[in-house]
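Undergrad: What follows is each chain in one-letter form.
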Amino acid sequence: MTTFLSLVLAGVSVGAVYALVALGLNVTFWTTKTLNFGHGSLMMFCAMLMVYFASQGLVLALAAVLSLLVIAAFGIFIERFTVRPALKTNNSMGWVVSTLGFGIVLQGVAAKLFGSQAVAFPSILFDSEDFVTIFGLHVSLQYLVVLGLSVFLVVVLEAFLRLTRWGQAVRAVSHDPELGRVNGMPVNAIIVGSFVLSALLGGAAGLLVSQIGGTVDPAFGFNLVLFGFVAAVVGGMGSSVGALVGGIALGVLSKLIGGYVASAAEQPVAFAILMLMLALRPNGLLAQAEATKA
Amino acid sequence: MTAIRTTLTAIVNNPYLVGAFVVALAAGAGWMSSGTIHVLSFVLISIIFALSINLLTGLAGQISLGHAGLFGMGAYVTGILAKTYGLPILLAIPFGALAAALVGYLLSFPAGRVRDVYLAMMTLGFGMIFFEIVREWNSVTGGMMGLSGVPSPTLRTLKILGYRIDEVWFFRGILLVTVLTLWIMRNVTQSRIGRAFFAIHHSEIAAGSLGISRAGTKQFAYVLSGLLAGLSGGIYAHLVGYLGPDSFTLNRSIEVLVIAIVGGLGSIAGQVLSATLFTFLPETLQVFSEYQFIVYGIILTFSLIVLPQGIAGLLLLPPRFIQAGSLARLRAGTGSKTMTASSQMGGLLEVDGLTKRFGGLTALNNVTLNLKPGHITALVGPNGSGKSTLVNVISGIYPPTEGKVLFKGNDITGLPDHKIARTGIVRTFQDPRLVPNFTVRENLLLGAHRLMTHSGFASALALPLATREEAAYLARIDRIMELTELTPTADQTVDSLPYGYRRLAEVARALVASPSAILLDEPAAGLSEIEMEHLSRIIRRMKEMGLTIMLIDHHMDFLAELVDDVVVLDSGKVIYRGTIDGMRADRTVINAYLGEEEAVHA
Chain A
1 MTTFLSLVLA GVSVGAVYAL VALGLNVTFW TTKTLNFGHG SLMMFCAMLM VYFASQGLVL
61 ALAAVLSLLV IAAFGIFIER FTVRPALKTN NSMGWVVSTL GFGIVLQGVA AKLFGSQAVA
121 FPSILFDSED FVTIFGLHVS LQYLVVLGLS VFLVVVLEAF LRLTRWGQAV RAVSHDPELG
181 RVNGMPVNAI IVGSFVLSAL LGGAAGLLVS QIGGTVDPAF GFNLVLFGFV AAVVGGMGSS
241 VGALVGGIAL GVLSKLIGGY VASAAEQPVA FAILMLMLAL RPNGLLAQAE ATKA
Chain B
1001 MTAIRTTLTA IVNNPYLVGA FVVALAAGAG WMSSGTIHVL SFVLISIIFA LSINLLTGLA
1061 GQISLGHAGL FGMGAYVTGI LAKTYGLPIL LAIPFGALAA ALVGYLLSFP AGRVRDVYLA
1121 MMTLGFGMIF FEIVREWNSV TGGMMGLSGV PSPTLRTLKI LGYRIDEVWF FRGILLVTVL
1181 TLWIMRNVTQ SRIGRAFFAI HHSEIAAGSL GISRAGTKQF AYVLSGLLAG LSGGIYAHLV
1241 GYLGPDSFTL NRSIEVLVIA IVGGLGSIAG QVLSATLFTF LPETLQVFSE YQFIVYGIIL
1301 TFSLIVLPQG IAGLLLLPPR FIQAGSLARL RAGTGSKTMT ASSQMGGLLE VDGLTKRFGG
1361 LTALNNVTLN LKPGHITALV GPNGSGKSTL VNVISGIYPP TEGKVLFKGN DITGLPDHKI
1421 ARTGIVRTFQ DPRLVPNFTV RENLLLGAHR LMTHSGFASA LALPLATREE AAYLARIDRI
1481 MELTELTPTA DQTVDSLPYG YRRLAEVARA LVASPSAILL DEPAAGLSEI EMEHLSRIIR
1541 RMKEMGLTIM LIDHHMDFLA ELVDDVVVLD SGKVIYRGTI DGMRADRTVI NAYLGEEEAV
1601 HA
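Note that the protein sequences, when read in sequence, are chains A and B. Here the first sequence stands for residues 1 to 294, where the numbers follow the numbering used here. Here the second sequence stands for residues 1001 to 1602, where the numbers follow the numbering used here.
To spell it out: a stretch of chain B is covered by chain A in this simulated footprint if at least three of its residues, at any positions, have a beta carbon under 8 Å from a beta carbon of chain A; those stretches are: (1) 1109-1118; (2) 1121-1127; (3) 1251-1264; (4) 1294-1302.
Calculated from the structure, these hints are not laboratory results. Using N, Cα and C, we set each Cβ at its ideal position, and we do this for glycine too.
Could you put together the complete structure from these sequences and hints?
TA: Here you go:
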C-alpha cells in the first residue's frame, strides 16, 4: 500500500511537469494552431544555461531568471523566423519541420557549448533529501514544489484567459485571427506573446524536471515533449484544466506501470495511450467533438 | 537557367544515359577501393530509404518523424532471421521488408484518422518507442550490446546459394535492386496510384469526391513506404553485419527527412542526388561530420522557406505525372477501345426529410427534394442557408442527422464520400480544389480514377495494359478539354493559371468522371461575363447528355437562362420550389432572400 501511495505521489508530481509541458504547447496552439516541436530543447537549454550561470558564481535565483530571459528571447525568435514564414507558405508541414529544426540546432549548440555529458543540477529550493511527512508517508519537498507551481500556473493561465481583456483577445485570436485583425486587435503582438509565454513555461518546466532528476544533458527534453503532448491530447488539445488532469493521469499511470511492471514500459505505455486516444477520442476525454466546416 | 534545367532533366530522363551510367558503375566497382565501395553501398541504401519517406511525405503528404522505426524494423527482422534462424539473405531481406510493411500498415490506422501536428507527434512517438523496445528487449535484439554476426560481405561471411559474396558483388546486387526500385517508383508516381497520393495530399475532400478512398490510399502509402524502408534496412543489416539501437534513433529519422527535403519532396531524381550528397559529405568533410546535426537543424529550420522544392527544383524541371508511354499511345491513337461502360445516363436523386445538426445549430431542417435526369435544378438562398451543407451531406462529407438520400432507387445515406462518388454522384467545390502542381491534363486524369480498371501491379511495371487504358482516357480528356475550351492550357500547371480556368478545369474534371449526377457549388463565382457564358454552354451540354444537375449560384440572370426549376433554402428549410419566375413573385422568397429591388427588376 505504501509503495502504491508513494508511486501515486511521484506520478502526480511528474504528471504536474507533463502538464506544464502540455500548457506550453497549448499556449501557441491557441493563437496559431501550431506547436513547437523543439519545445524539449527549450527546456533543456534553460536548465543547462542555469547550470552554466550558477557555475560562474551567480546567485541561483538570478541564474534562473537570466536563463528564463534567454529562453523568452528564443520564443520571439521561434515565432519570427520559424513559425511565421512557414505559416505563409500554406504548407502544414512547414512549421513542424522548422520548429523541430530549431530544436535540433539548440541541442547541437548546447552540446558544443556545454559538452554532451550530463551535468549536475543545483538544488534551488530544497535538496532531494528534504521531505515532509503526510499521513505517514515521506513526501519529497521538491515534488510538492513542482506540483504546487504547476497547479498555480494553470490557475493563473485560466484566470488570465477568462478574466482579463488580453485573455479575451487571445481567445478571440484563437477563434479567428482575421476577425481579430479587422477589429483592431494587436494580433501579431498576441501571437509573439504566446510564443514567449510558451517558451517561459518550457523553461520553467525544464528547471523543475532537472531539479527532480538532479542532472541535465543536451539530449534531454524530446521525450518529455511527447509525454506533454499525450497529456494535452488526453485532456483535450488547448484546454488548461485538461492539460493538468491529463498530465497527472498520465504521470500516475506511467509511474504505476513503471513501479509494478517495468520502468522501461513507461514510454511504450504513453505511446499506446496516444495511439488509442488519436484513434478513438482525438478531441480528448474531456472535450466535446468539434464541428469543422469542410 | 531554364535551358540548364531542360538539359539536365533530359539527361536524367534518358534511359540510355542512365543505363550506361549504371553499367559503368557496376563494371567500375571492380577497380574501386574497398572504402569507396562501402560508401557507395551506403549511398544506395540511403537512396532507397529516402524514396520511402519521399513516397509517404512527398507524394502522399503524410509527415513522418519516425521513419527510423520502419528502417530499423526491416534491419532487425532481417538481422534476427539471418543470424538467429540462419535464413539465407534472399529470404531474410524480403521478410524484413514485409515486416516493416506490416508495421506501416498497423501505423496507418491511427495515422489515417489524424493530420498535421497529431500525425507528426504520433510518428515521432513511434520512432522513439521503436528505439526503446529494441534497446530493452535483450533476449531478441541484443539490447544495448546490439546484434552482431549478421552475415556480411565486409566480414566475408555472406553466402548466396553457396557462393561467397564479396563487397563488389554485394554492391552490384544492391545497385540492381536500387535501379529496379527507382524504376518502379517512377512508374508508380506517374500512375493512377501516384496521382491518388497527390490528390489526398492536397485535398482529401476533393479526392473523396472523385472516388478516391482516403483511408485506403493512405494505408497503401504507409505499406509501400514501410516496404521500401524495410528493404533498405534489411540491406543495411547485411552490409554492416552489426545492429545496435543507436543506429535507429531520432537522429536517423531526422537525417532521412533532411535528405528528402533537400532533395525536393516529390522528386525522385532529387532524392538520388540528395542521398548521395549527404552520404558523401560526412565521409569526406571532417568539419561537416562534427557539426552534422547543427547543420541538419539549420537545414530543417529554413529549407522549406528558402528552397521549398529542394535541389530538384533548382536543377531540374518539375516532374510530370503521366506515363510517357500513355502519352505516346495517345498521339499514336493506340489506346484501348473498350472503356468501362460509362454511367453517363442520369438517375433520379431523391432527398427525403434530410436534417443536419451541428451541436445546437440546425443547418438543414427536414429538406425534401428530387433531382431529375436531364434537368437542371438551381439551389439558391442567402449565405448560411445550408446550400453547401446540403451538397456536403449528399456527397457524403457529412453524415446526415436524420433523413435519407436515394440515388437511382438505392439508399446511399451515410455512405463515405468516395463510395458515393463511385455511384456516379460527382461534385465541385466553392473554391476549386485541384492539385496545384499538376497540369490541367493531369488533374483531369484524376477524374478518371474511379473508372480505371487496371491493377496497381500493371501500373507499377508500366505494362501495356495500363498505358492502353490511360491513353483511352487521355483521348476522352482531349475531347472534354475541347468542349470546355481548355485545350490551350492542357500542359500548364494549375497554379500558373488564372482563377477562371481553374473553375472550368474543376468542372471538366467532374465531367471526366462520367457522372450520372453532378452537384455544382457556385461554379460561376468569380468568373468574368465571358467565362460565365462559356460555363453555361458547358452546363447545357451536360443537360443534353442527360445528367442530373444541381447548381448553386447567386446570379439570378445566369440561372434564369439555364435552369428548369429552383429550390430556395432559408435557415436550412425549403421555402420555395418551382419555376424561377414563380420564385421572383413569391413573397416569402423576396423577404428572405431577393429583396424588393430584384423582384421589381424581374
